[in-house]
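Sequences are here, hints too, so could you generate the full structure?
Number of protein chains: 2
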Amino acid sequence: MSLALFLVDSLPAGSRYTLDGPEGHHAADVARLRVGEELLLGDGAGGTARAVVDAAGRGRLELSIVERWYREPADPRLVVAQGIAKGDRGELAVQAMTEAGVDEIVPWVATRSVAVWRDDKPLQRWRSTAREAAKQARRAWLPVVSAPSATAAVAARATFVLDGDAPSRLSTVDLPASGDIVLVVGPEGGIAPEELAAFRESGAVPVRLGETVLRTSTAGVAAVAVLSARLGRW
Amino acid sequence: MSLALFLVDSLPAGSRYTLDGPEGHHAADVARLRVGEELLLGDGAGGTARAVVDAAGRGRLELSIVERWYREPADPRLVVAQGIAKGDRGELAVQAMTEAGVDEIVPWVATRSVAVWRDDKPLQRWRSTAREAAKQARRAWLPVVSAPSATAAVAARATFVLDGDAPSRLSTVDLPASGDIVLVVGPEGGIAPEELAAFRESGAVPVRLGETVLRTSTAGVAAVAVLSARLGRW
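Heads up: the sequence lines are chains A and B, in that order.
Read in this note's numbering, the first sequence has 40 at position 40, and its numbers run on one by one without any break.
Take the position in the second sequence, starting the count at 1, then add 234; the result is the number in this note's numbering.
Bear in mind the hints are in silico, worked out from the structure with no lab data behind them.
Some clues are possibly wrong.
Claimed, not checked - Listed next, the in silico DSS-like pairs over lysine-lysine satisfying Cα-Cα at most 30 Å (straight line): (1) B:Lys320 / A:Lys121; (2) A:Lys86 / B:Lys355; (3) B:Lys355 / B:Lys320; (4) A:Lys121 / B:Lys355; (5) A:Lys121 / A:Lys86.
Claimed, not checked - Non-contacting residues of chain A with respect to chain B, defined by C-beta distances greater than 12 Å in every case (computed): (6) Gly21; (7) Glu62; (8) Val109; (9) Asp120; (10) Pro122; (11) Ser146.
Ideal Cβ positions, reconstructed from N, Cα and C, are used throughout, including at glycine.
Rendered as structure tokens:
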């Protein structure tokens with residue numbers, strides 16, 4: 001098993017660290033790490049350290065840093081504009097895409113999005129889901145979950161749009177060598193024709209992923225997997 | 235939107251068909267298809283037909299077949315031996331892999347499987363999940379969900395084992411040109427060292443998928459996506 005990863009605001013410059021607050025509570029009281037056991041500390045911005053527990057108290061651990069490393073940010077970046085989905089499908093999508101290494105998720109307010117985000121709570125749920133999934137996956141970089149965007153704003157960034165009727169395949173289409181690769185995934189009801197037209201007009205290329213119909217919570221992670229393999233990340 | 239697909243035991247030889255039983259109920263009373271509307275009929279064994287509603291009654295539709303086509307079975311076949319997972323993670327894995335086109339799922343009774351299948355019900359749930367996901371995805375072939383298998387039986391068939399520490403990558407490893415490609419995915423707790431040894435001894439190749447830790451419900455669909463792209467299925 002991989003060591004558990006706990007997120008910190010910044011990694012210490014020296015060799016000692018006190019893990020307290022919510023992550024300290026989780027490490028000391030829930031995961032119940034004991035003296036001599038190891039864990040990972042991550043700043044969610046490329047920095048990771050392996051540490052050993054010197055002392056364990058209620059809600060806090062005293063740690064010695066054993067080694068540390070830094071990962072450069074990815075280039076090209078993988079961005080998915082995810083059509084807002086109802087129920088827990090949006091969170092399942094965020095969770096799986098985060099595990100698979102997506103760099104940014106843009107909640108897309110699509111015509112056919114059944115769920116309407118009336119306040120800040122759904123966005124906070126996506127963000128906390130991404131954070132937890134990134135810890136679970138031991139990611140060095142937390143994915144960005146952007147503010148919800150309307151079609152025009154998504155179209156301005158879109159590189160590819162998943163569309164089952166597209167002649168091009170995501171598995172063979174030319175990929176940008178750097179910058180953002182922004183892929184649009186529709187909500188449960190799919191992408192409306194006028195939305196598809198807007199994406200095309202902005203220069204986005206419709207692409208398909210196989211011949212079967214992928215649910216909105218499956219399409220994004222499948223696309224990230226294919227792109228990660230093609231880009232040599234995996 | 236794609237037409238809805240309903241599963242039938244066998245497609246009719248002629249041009250008329252009466253859809254009744256559970257699928258007829260679903261089509262007539264739940265989806266509420268009306269005269270003149272179209273649907274797909276699939277036998278789950280390669281055959282699909284497009285049909286139009288001639289008459290709608292309670293729990294049944296009278297249909298005319300408009301066109302029909304047949305898809306050959308896939309070769310190589312994609313098989314995932316999925317470590318039995320607790321809660322709804324197993325069903326999420328089955329659902330996503332089915333949408334992505336897996337040909338067979340083998341429930342693997344792993345050392346670290348927390349859930350124990352004491353009766354036939356969990357297998358029946360995996361099978362009905364696969365059936366519903368195949369309809370949703372408009373698949374021509376239903377995936378096979380095999381009986382639960384112990385490690386020795388899985389090892390006898392395994393081609394690859396997902397293992398985060400493996401030197402080989404699933405995205406670049408040589409693939410068999412035909413027959414079954416059987417990939418082993420561990421349960422939540424991962425694959426035990428003695429299991430990994432058994433798989434290696436049987437000739438299975440450990441492979442990794444990226445550098446992050448994928449949850450058991452994400453690993454299978456990500457692997458199927460990468461293999462589908464590499465095999466030219468997608």
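Evaluation of the provided hints:
1. B:Lys320 / A:Lys121: Measuring from Cα to Cα gives roughly 28 Å; hence the hint holds.
2. A:Lys86 / B:Lys355: holds (28 Å)
3. B:Lys355 / B:Lys320: Holds, at about 14 Å.
4. A:Lys121 / B:Lys355: Between A:Lys121 and B:Lys355 the Cα gap is close to 37 Å, so the pair fails against 30 Å, i.e. violated.
5. A:Lys121 / A:Lys86: Distance ~14 Å between A:Lys121 and A:Lys86 Cα, so the pair holds.
6. Gly21: holds (24 Å)
7. Glu62: Holds, because the least Cβ-Cβ distance between A:Glu62 and chain B comes to about 26 Å, which exceeds 12 Å.
8. Val109: Given a closest Cβ separation of 20 Å, the condition holds.
9. Asp120: holds (27 Å)
10. Pro122: It holds; A:Pro122 is separated from chain B by about 20 Å at its closest Cβ, greater than 12 Å.
11. Ser146: A:Ser146 clear of chain B: closest Cβ-Cβ about 21 Å, beyond 12 Å.
Hint check: a violation occurs at hint 4 only; the rest are consistent with the structure.
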